[in-house]
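S.K.: Using the sequences and the hints, build the whole thing.
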Amino acid sequence: MTALVIAEHDHASLQAGTLHTITAARACADDVHVLVAGRDCAGAAQQAAHLAGVAKVLVADAPVLADQLAEDVAEQAIALAEEGRYTHVLAPASAWGKSLLPRVAARLGAGQLSEVTKVIASDIFERPIYAGNAVATVQSLDTVKVLTVRAVNFDPVVSTSGDVAEVQAIEAVAGFGKTVLLSRERIASERPELASARVVVAGGRGLGSAENFRLLEPLADALDAALGASRAAVDAGFVANDLQVGQTGKIVAPDLYLAIGISGAIQHLAGMTGSRVIVAINKDAEAPIFGVADYGIVGDLFEVVPQLLAALREAQRGQAA
Amino acid sequence: MKILVPVKRVVDANVKVRVKSDGSGVELANVKMAINPFDEIAVEEAVRLKEAGKATEVVAVSCGPAACQDVLRSALGIGADRGLLIATDAELQPLAVARLLAAVAQREMPQLVILGKQAIDDDCNQTGQMLAALLGWPQATFASRVQAEGEHVVVTRDVDGGTETLRLPLPAVVTADLRLNEPRFVSLPNLMKAKKKPLETVAASEFGVDVAPRWRTLRVAEPPSRQSGVLVEDAAELVRRLRHDAQVI
Chain A
1 MTALVIAEHD HASLQAGTLH TITAARACAD DVHVLVAGRD CAGAAQQAAH
51 LAGVAKVLVA DAPVLADQLA EDVAEQAIAL AEEGRYTHVL APASAWGKSL
101 LPRVAARLGA GQLSEVTKVI ASDIFERPIY AGNAVATVQS LDTVKVLTVR
151 AVNFDPVVST SGDVAEVQAI EAVAGFGKTV LLSRERIASE RPELASARVV
201 VAGGRGLGSA ENFRLLEPLA DALDAALGAS RAAVDAGFVA NDLQVGQTGK
251 IVAPDLYLAI GISGAIQHLA GMTGSRVIVA INKDAEAPIF GVADYGIVGD
301 LFEVVPQLLA ALREAQRGQA A
Chain P
1 MKILVPVKRV VDANVKVRVK SDGSGVELAN VKMAINPFDE IAVEEAVRLK
51 EAGKATEVVA VSCGPAACQD VLRSALGIGA DRGLLIATDA ELQPLAVARL
101 LAAVAQREMP QLVILGKQAI DDDCNQTGQM LAALLGWPQA TFASRVQAEG
151 EHVVVTRDVD GGTETLRLPL PAVVTADLRL NEPRFVSLPN LMKAKKKPLE
201 TVAASEFGVD VAPRWRTLRV AEPPSRQSGV LVEDAAELVR RLRHDAQVI
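Line by line, the protein sequences are chains A and P.
Everything in the first sequence is counted per my numbering, starting at 1 for the first residue and increasing by one.
Everything in the second sequence is counted per my numbering, starting at 1 for the first residue and increasing by one.
Be aware that one or more of the hints could be misleading.
If the Cβ cut is set under 7 Å, some of the chain A residues that face chain P in the computed set are [as the list claims (entries may be wrong)]:
1. 46
2. 98
3. 102
4. 137
5. 143
6. 186
7. 219
8. 288
9. 291
10. 312
11. 315
12. 318
Hint data in this document are derived by calculation from the structure and do not stem from the laboratory.
Glycine included, C-beta positions come from ideal geometry on N, C-alpha and C.
M.R.: Okay, here's the thing in C-alpha cells:
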C-alpha cells in the first residue's frame, strides 16, 4: 500500500500541516509519496525528501502552479492518482486542503473522509461530527481512500539525518485555466501563528469591545502566545474572523490555552479541548468553560488579567535573576 | 442569471445532540430540524443578487426524503422563486449529492450555484467542491463577499491567515462562509406567500446516477471528556500552578 500526500507549501518550504499529514499517511500505508506541485519549489521538495518515512517526492514545477489554486493543484493530483499506484490520497484539513481534495475525490469517484483525527486501520478512521459533539468511526469502501487530516491530532514528522528520499520531476499537467487570483491579503502579525502556537490567549464576549480586547495583547506578548477569539467575539466585531477558534474556525491544541471571558459554547470547545492545559477566567462560575479547564479563576477579567500580567512578569524576573 | 441553491435539512443548530446508547448514531427522533445555517446564508446571498438585479431566478433544491420540503419552504420564504425536491429515502453522502446536483444543473442550466461551505451534521465540507469538479466548473469556497460582474463573479474568500479574491468565469460554484451575510428574518406573510410558490418533486432514481454510500459508519461515540480541574484563588497562584505543577510556562 502506498499513500500520496499532497503537500501544502509556499514553494520554498512546507506548511506545518503537511508534516502532520505525513504522520497520518504513515499510519495508513507502508510507503509514503509526497506530491510537491508548485513553481520554483525545489526548497519545499528538498525539505520533503529529508522527512522520516517519505519514500519518494514527486515534483511538478510549472508557472500555472504558482498561485496554488485548488483547481490547478487538483488536476495535478488527479493525474497522479489515476495512474492507480495509490491506495490513499491525503491532504491537510486546512482551508487549502479542504478546497482541493474533494475535487480529487469526486473525479476518482471516491468518497472523502474529512478532518480525520485517528487512523485505526488502513480503511478505518475516526472523525468528529456535529461540531465535535460526537465521534464517528467509519470504514471506507473505496479502492482509493481520500482523507483530509486534522493536523493537531497527529504529531509532525521529523527530519531524518539518514536516508534521503528520491526526488523525481514529473510532467506538469495543463492547468484548469479558468479561475484567476486577483489578490491575496495576509494579515500581518508579529505573533506566532494561531494553529501552531505553543500558547494561545483567547478572548470572548466578556471583553465587551474591540478596544478592551487589546487588553489581551500584553498578556500574549509576555507568553509569546498567539491571540484567539470565540465566535461571539468575532461576530461582535471585536477582532477579525481569522482569529476564531472553534468548529467553524481554527482547531488548536497548544500546550497552554487561556480562555478569557469565554463562556465555552460547544462550538468553541470543539476547537480547543485538545489543548494540554486549559485556563479559564470568567466571572460566571457556572460557565461551561470551567468544565473543561484545568485551572479556573472566577472573577472580573478586567481585574484578573492585569494581576496575571503582573504575576507573570514577576515570575519571569525571578527566573531571569 | 439563474442561480441554483442546494439546501440540506439538518438538526437545528441550537439543539444539543445526544449520541444513542447503542452507538449507532445520534438521536434524531423528535429533534427539531432546520435548514443548514450555511445554506441559509447561501439562499440569502442568491436572493440579494436577484434583488440587486443581477439574477433573474433563484431555484432552491434539496435531496432527501419528503420532509426536506420544509427546508425548501424556508428557502422560498427568504425569497427563492421555486423549489425542487430530489426525493429519496436512501442515505446520501456528499459524492451522491454532488452527482444528483450535477444532473440537476445539467437540466436547469444555472450560471451560478451557491451553497453552504459545510453541513453542520456530518461536517464534511465537500459537496460544493465535488459538484464543481464533476461539472468542470471553477469554484470559490469559504466566500465572504460575492460580486456579480457580467460574465464573471468576483469572490473574496476566507483562507488561513487572511483573505484572497478570485475572479471566476460563469458558470461557477461558490460556497458560503459565515461572514458572507446575515440572513433576513422571514416574516409570517412571506412564509404564507412561500406556500403558494411552485415546489416540484422528482424521484432521485430518474437521474440514473450512482448514489451508493462510499463509507460505512461502524460506531458513533461521545467525544472523550476532560476532567474538570481546580479553581484557584488569584493570578499569583495561577502562575505558580502553571509553572510548578503543569510546567507550561
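S.K.: Next step is simple, just say for each hint if it's right about the structure.
M.R.: Do the hints match the structure? See the list:
A hinted interface residue such as residue 46 of chain A counts as satisfied when its beta carbon comes closer than 7 Å to some beta carbon of chain P; here the least separation is about 24 Å, so the hint is violated. At about 5 Å, the closest approach between the beta carbon of residue 98 of chain A and any beta carbon in chain P falls short of 7 Å, and the interface hint on this residue holds. Restraint check, residue 102 of chain A versus chain P: the minimum CB separation of about 4 Å is within 7 Å; hint holds. With its C-beta approaching chain P no nearer than about 4 Å, residue 137 of chain A sits inside the 7 Å limit, and its interface hint holds.
Among the interface hints, the one on residue 143 of chain A is violated; its C-beta lies about 11 Å from the nearest C-beta in chain P, farther than the 7 Å criterion. For residue 186 of chain A, the interface hint holds, the least distance from its beta-carbon to any beta-carbon of chain P being 4 Å, beneath 7 Å. The restraint placing residue 219 of chain A at the interface with chain P is violated, with a minimum CB-CB distance near 11 Å, outside the 7 Å limit. Hint status for residue 288 of chain A: violated, given a least beta-carbon distance of 10 Å to chain P, over 7 Å.
Nearest Cβ of chain P to the Cβ of residue 291 of chain A: about 5 Å, under the 7 Å cut. The hint holds. The restraint placing residue 312 of chain A at the interface with chain P holds, with a minimum CB-CB distance near 6 Å, inside the 7 Å limit. Interface restraint check for residue 315 of chain A: the shortest CB-CB distance to chain P comes to about 5 Å, inside 7 Å, so the restraint holds. Checking residue 318 of chain A against chain P by beta carbon gives a least distance of about 10 Å; that is not within 7 Å, so the hint is violated.
Checked against the numbered hints given earlier, this structure breaks hints 1, 5, 7, 8 and 12; the rest are met.
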